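Build the full structure now, drawing on both the sequences and the hints.
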Amino acid sequence: TLKYEVNGKLKESTYYLAILLNSDENIALSEEHTEYRWIDRKASEEYSLPTSISDLLVDAENYLRNNLTNIQTN
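Under the working numbering, the letters of the sequence shown match residues 9 to 82, in that order.
Honestly, the hints are just simulated from the structure, not real lab data.
Hints are not guaranteed to be accurate.
Unchecked claim - Computed spacing ranges between beta-carbons, pair by pair: (1) I79 - L18: 28 to 36 Å; (2) Y12 - T77: 28 to 36 Å; (3) D32 - L10: 26 to 34 Å; (4) N74 - N15: 33 to 41 Å; (5) Y55 - T77: 29 to 37 Å; (6) Y55 - L28: 12 to 20 Å; (7) T59 - D32: 31 to 39 Å; (8) Q80 - N15: 18 to 26 Å; (9) N75 - L10: 20 to 28 Å; (10) K11 - S31: 14 to 22 Å; (11) I47 - N75: 17 to 25 Å; (12) I47 - E20: 37 to 45 Å.
Owing to the predicted nature of the structure, the values given are computational and were not obtained by experimental measurement.
Quick reminder that beta carbons are idealized off the backbone N, C-alpha and C, glycines included.
Dropping the structure here:
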């Protein structure tokens, strides 16, 4: 969970780490969203993300790399 300020108001976003098992699965977007992209941490550098998000991606990548044998994918 990341907490940050936007226009003087405190915001909170919760992120969940997941593994995509079926790349053919359809993604349903709500009306407030127009698109989505699956990107890896390296590609995320092109998007000028806030440091907190970049750090979160690095931590997630490290977690997956260090725990791959413990992750159940079925």
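Checked hints:
Remark: the range hint 28 to 36 Å for I79 to L18 is upheld by a beta-carbon distance near 33 Å. Range check, Y12 to T77: Cβ separation about 34 Å, and the 28 to 36 Å hint holds. At roughly 31 Å, the beta-carbon separation of D32 and L10 lies within the given 26 to 34 Å, and the hint holds. Taking 33 to 41 Å as the suggested C-beta distance range, the pair N74 and N15 conforms, at roughly 38 Å.
Distance hint check: the CB atoms of Y55 and T77 are about 31 Å apart, consistent with the given range 29 to 37 Å. For Y55 and L28, the Cβ-Cβ distance of about 19 Å falls inside the hinted range of 12 to 20 Å, so the restraint holds. Between T59 and D32 the C-beta distance comes to about 34 Å, which sits within the given range of 31 to 39 Å. The given range of 18 to 26 Å is broken by Q80 and N15, whose C-beta atoms sit roughly 41 Å from each other.
The hinted range of 20 to 28 Å is satisfied by N75 and L10, whose Cβ atoms lie roughly 21 Å apart. Between K11 and S31 the C-beta distance comes to about 32 Å, which lies outside the given range of 14 to 22 Å. Hint check: I47 to N75, Cβ distance near 21 Å, so the stated range 17 to 25 Å holds. At roughly 23 Å, the beta carbons of I47 and E20 sit outside the given window of 37 to 45 Å.
Hints 8, 10, 12 from the earlier list are contradicted by this structure; the remaining hints agree with it.
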